[in-house]
Amino acid sequence: MFDQLSDRLQSTLSDVRSRGKLSESDIDSAMRDIRLALLEADVNFKVVKAFTKTLKERCLGAEVMDSLDPGQQVVKIVKEELADLMGGTGAELAMASSGPTVILMAGLQGSGKTTACAKLAQYFKQQRKDVALAACDIYRPAAVDQLVTMGRRAGAHVYEKGTDADPVDIATWALDRAREERRDILVIDTAGRLHIDGDLMKELSRIRDKTKPHDVLLVVDAMTGQDAVGVAESFAEAAEFDGVVMTKLDGDARGGAALSVKAVTGKPIMFASTGEKIEDFDRFHPDRMAQRILGMGDVLSLIEKAESQVDEKSAEELEEKLKKDQFTLEDFLTQMKQVRKMGPLSGIIGMLPGMGAMKELKNANIDERQLDRTEAIILSMTPAERADPHLIKGRRRKRIADGSGTRVQEVRALVKQFDQMRVMMRSMANGKMPDPQKLMRMSGQMPKQKVRRR
Amino acid sequence: MVERLEHEVDSGAVPAEGEAIRDRLIEILAEVASTARAKIDLSAQPAVLMMVGVNGTGKTTTIGKIAWHLSKEFGLSVVMGAGDTYRAAAAEQLAEWADRAGAELVRGQAGADPGSVAYDAVSAAVARNADVVIVDTAGRLHTQDNLMEELAKVRRVIGKLIPEAPHETLISIDATTGQNGLRQAKVFSEAVEVDGVVITKLDGTAKGGIALAISAELGIPVKLIGVGEKLEDLRPFDPAEYAAALLAD
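Top to bottom, those sequences are chains A and B.
Note that my numbering numbers the first sequence so that position 394 is 394, with each residue one more than the last.
Note that my numbering numbers the second sequence so that position 120 is 120, with each residue one more than the last.
Same shape as in the complex, but just chain A (with noise of 0.2 Å):
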């Protein structure tokens, strides 16, 4: 999401910044530069025309004008601008002084609610919260059931009544259960239905004026074109929606939506889902997100992820180990499969400063199976091998290869590449930072197993 976007903002900010003093024309060529990548993010073109008119007064002001260093300015504007188009820093979801905090889910056919309900019931959960659902899409097939299963599996309550009833009773009966159950949050899933479907849009409001909602969240497809804008404009009149979940981030969509309705709306993006699986949801940090975009990081992201897949002894035993030169393979295959749980790798590069300049690395293409093949190769070694890879000759390189279903190659390279590995993470441990060039170098050398395509 948004890499086109954020590759074109880059380059044109590090042309603004090489160049010193700022003329009205570099100002003008830029803002033009700004204006063309973000029409072809398929950003509403209403928007982006507000949105490089601010950009340039703010440009063209004392601001900019008169500072020491106007290019890392522009750079500073331009991330505030973008993370205020998105939703500034966030707005946090309004919760029930006493009762159920009640959240209606609304949104096109397709875009994702029922899943963003389970994963929004998950979040809840996490944060011990006891979690229901209501079941009001009577029209889609199985729909009901859908719920039902997802519901369980993210251990929260589900309060259907199939598909026979009005899906506006549903919506009652279910909150006057959750308060007599005392449930924490009610989130209501709705059918997915068209912004000009009159009969449904009022069923909508009428599900919304009999249940009062703390939260309307609209739900939008990450991939919507330029439909966004209009599709959003319907809903907050119908809705009055509070913010929106985008869905399907994860894919290479060019993210125009995304930037588009908070302007237009006014309505910031609350939550993103980033996968299909229940854990890839989170709060959605407009700041942050400018930032990543911006090529400057989002550590912030990266250390909440981290944290929550390690703990911090076993963190301290670790760099004891590495100081000690005593990391086996053992520890590496524990701290792959940490890396791992945090998702895959090519989402937590974006997470890193500077990895807008480190451009081969971004397209290095981390390839999942490669890792899945290093993953076996060490599962299939003795706890000795591990210890102690240079044990591993002739038989034994075989039998490791036979039994991960690798080649003798790509075990011997493993075990060589772990070595060099061990040496750099050795005088990293002791303060010396890595030749960058060395990193590369290194993971070029994994032999990488080509696939067979039909």
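Treat the hints with caution; some may be incorrect.
Heads up, incomplete: computed chain B residues facing chain A, CB under 8 Å, no partners named [what the hints assert, rightly or not]: (1) Thr57; (2) Ser71; (3) Glu73; (4) Gly75; (5) Leu76; (6) Ser77; (7) Ala88; (8) Ala89; (9) Trp97; (10) Arg128; (11) Asp131; (12) Thr177; (13) Arg183; (14) Ala206.
EDC-like mimics (lysine to aspartate or glutamate), calculated; alpha carbons at most 20 Å apart, straight line [unchecked claim]: (15) B:Lys230 to B:Glu96; (16) B:Lys230 to A:Asp252; (17) A:Lys277 to B:Asp145; (18) B:Lys230 to A:Glu233; (19) B:Lys230 to A:Glu203; (20) A:Lys161 to B:Glu96; (21) B:Lys186 to A:Glu40; (22) B:Lys207 to A:Asp197; (23) B:Lys207 to A:Asp164; (24) A:Lys202 to B:Glu229; (25) A:Lys277 to B:Asp113; (26) A:Lys202 to B:Asp203; (27) A:Lys341 to B:Asp145; (28) B:Lys207 to A:Glu40; (29) A:Lys79 to A:Glu63; (30) B:Lys230 to A:Asp164; (31) B:Lys186 to A:Asp252; (32) A:Lys277 to B:Glu150.
Think of the hints as simulated: they come from the structure by calculation, not from any bench.
A virtual CB, placed ideally from N, CA and C, is assigned to each residue, including glycine.
Please arrange chain B on chain A, whose structure you already have, making use of the hints.
Showing chain B alone in chain A's frame:
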């Protein structure tokens, strides 16, 4: 297209006034949108159709509509394969459509290998001498290499059972999708041979203009359009009608 129109107006082939220019533009758009291969090939017995596409684009609903049309309008017997073994209640959803369309359903256990369900569905169609078998697949983003590989595998499994099958692989593209639709069609057709596009949700406000790009750049014709959530809401693609709608206010 614009260049071509400009040239025609400049050379006097098209009169330089609003109405005529607009009409000619519609004709040109329709030409770009149509190809000779817009028919769906049902000559084999059984004819095997496979539906692919990104999550939420309307694959399962489209299968229901196709099955209904084939059975009601042409009196053909249809078997459906519940090849989405990933999403919660996906088989139940297709079962409901099978019921409404008067088709038979072949399903596996939740989490079963999609290739094996496809195999079972096609085998069942052969055994029962059915006219058509339609295989559903799980929605997947084209950015997920392993899932594209899985799709290729399902296709291979079907091909091993009946050479030349699937005879029609259709990709569903949501009309509201922006430029990404072209990417989707390209990547999916690299994994499996996509024979045609179904543009879905055209009853909304989106016009599905990306279909033109898919047709012109990838040579993949639009064969069907989805215009609602009911069984009847499926139409063959009409390039002239589509072009006129594109330019309508």
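Violating hint indices (sorted, rising): 2, 3, 4, 5, 6, 10, 11, 16, 18 and 23
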